[in-house]
Each structure stands twice: as C-alpha cells, then as structure tokens.
Amino acid sequence: MRIFLHHQNVLQLTEADTLVLPVDGIGRGLEGNVARKFLKAIDYDSLDELYEKPVAYPFNGGCQWAQIEDIDETHFEYVCALGILSHQAGADHRGFIRSALYHMFEAAEGGSVGTKLGCPVLSAGGRLPAIDALYLMVAEAERFVS
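Under this note's numbering, the first residue of the sequence shown carries the number 1, and numbering increases by one thereafter.
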C-alpha cells in the first residue's frame, strides 16, 4: 500500500477513484463538511441519493460504499461514507475512526470497490488534533501493508 499526502481540497484529488466522506453515523442529516460540500457540488440533497438503498443507520465505526461512476459532475467512481463523527457526549471518536478505517481498508483490499482513496484527515470535526488523527490513520493503514 502506498500513501500519498496532498495539501489540497480532497474533492479535487483526481488521482483518487474513491471519495471518503466523514459523517455522523448516528442518523441522517449529520454529514460532515466534506460530505456537504460534495453533495452541493453534484447537486444532491442527501447521501441517500448516492446509494441504491437508503443508508443504513446507525453505523458509527463502520462504512457504507456506493458506486457513483455515472454522476457527470464528479470524476470519482465510488463514495465511502465513514461513520466517525458523533454529537453524543462521551463518544469514542478514536475508536470510531479506527474501526471505520479498518472496514474501509478491508473492503478496498478485497478489490470489489475503489482502491485509490481520497480521504481528508479524519479529525472528527476538530475533536482530535490533526496530527493525532493523521498518525491514527497511518497506523490503521499499516495493518494492510503486505
């Protein structure tokens, strides 16, 4: 596995085939900033429009994949919504991030979904320092290095 770091808007990351969207996996309407910007860019109102079946909530600590290659407004072929944010008191954001990343990398490793993942630094909406989030993400990715 290779990891490339880019200091740019993740929505413009043309090297990626998959856009990773941090969301609050507790319920609808609690998308993160990246997800809201992406939905606005493709003129969609909700994540449910990206999926054949509505997103199954709750899924904090998990992920939901959708193939979106037919949307003209984007070059991404897949979207992977990661349930990592939570507005609940005492939520274990580090645990959510680790678990969601594990499930995402596991699916990507299986080859049935995208493998070039465009992912913002998962700081859980500022609940974790960015450098801590980056190290956590790299540590989880190392589990999948052959």
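Calculated from the structure, these hints are not laboratory results.
Incorrect hints may have been included.
To be verified - Derived CB-CB ranges, DEER-like:
(1) ARG94 - ILE3: 30 to 40 Å
(2) GLY90 - THR14: 19 to 29 Å
(3) LYS40 - GLU69: 28 to 38 Å
(4) ALA89 - GLU109: 30 to 40 Å
(5) VAL145 - ASP72: 34 to 44 Å
(6) ARG94 - ASP72: 20 to 30 Å
We treat Cβ as the ideally placed atom computed from N, Cα and C, and that holds for glycine.
How the hints compare with the structure:
1. ARG94 - ILE3: 30 to 40 Å: Distance hint for ARG94, ILE3 is violated at roughly 19 Å.
2. GLY90 - THR14: 19 to 29 Å: At roughly 39 Å between Cβ atoms, THR14 and GLY90 fall outside 19 to 29 Å, so the hint is violated.
3. LYS40 - GLU69: 28 to 38 Å: violated, 20 Å
4. ALA89 - GLU109: 30 to 40 Å: holds, 34 Å
5. VAL145 - ASP72: 34 to 44 Å: For ASP72 against VAL145, whose Cβ atoms are near 35 Å apart, the range 34 to 44 Å holds.
6. ARG94 - ASP72: 20 to 30 Å: Violated, at about 38 Å.
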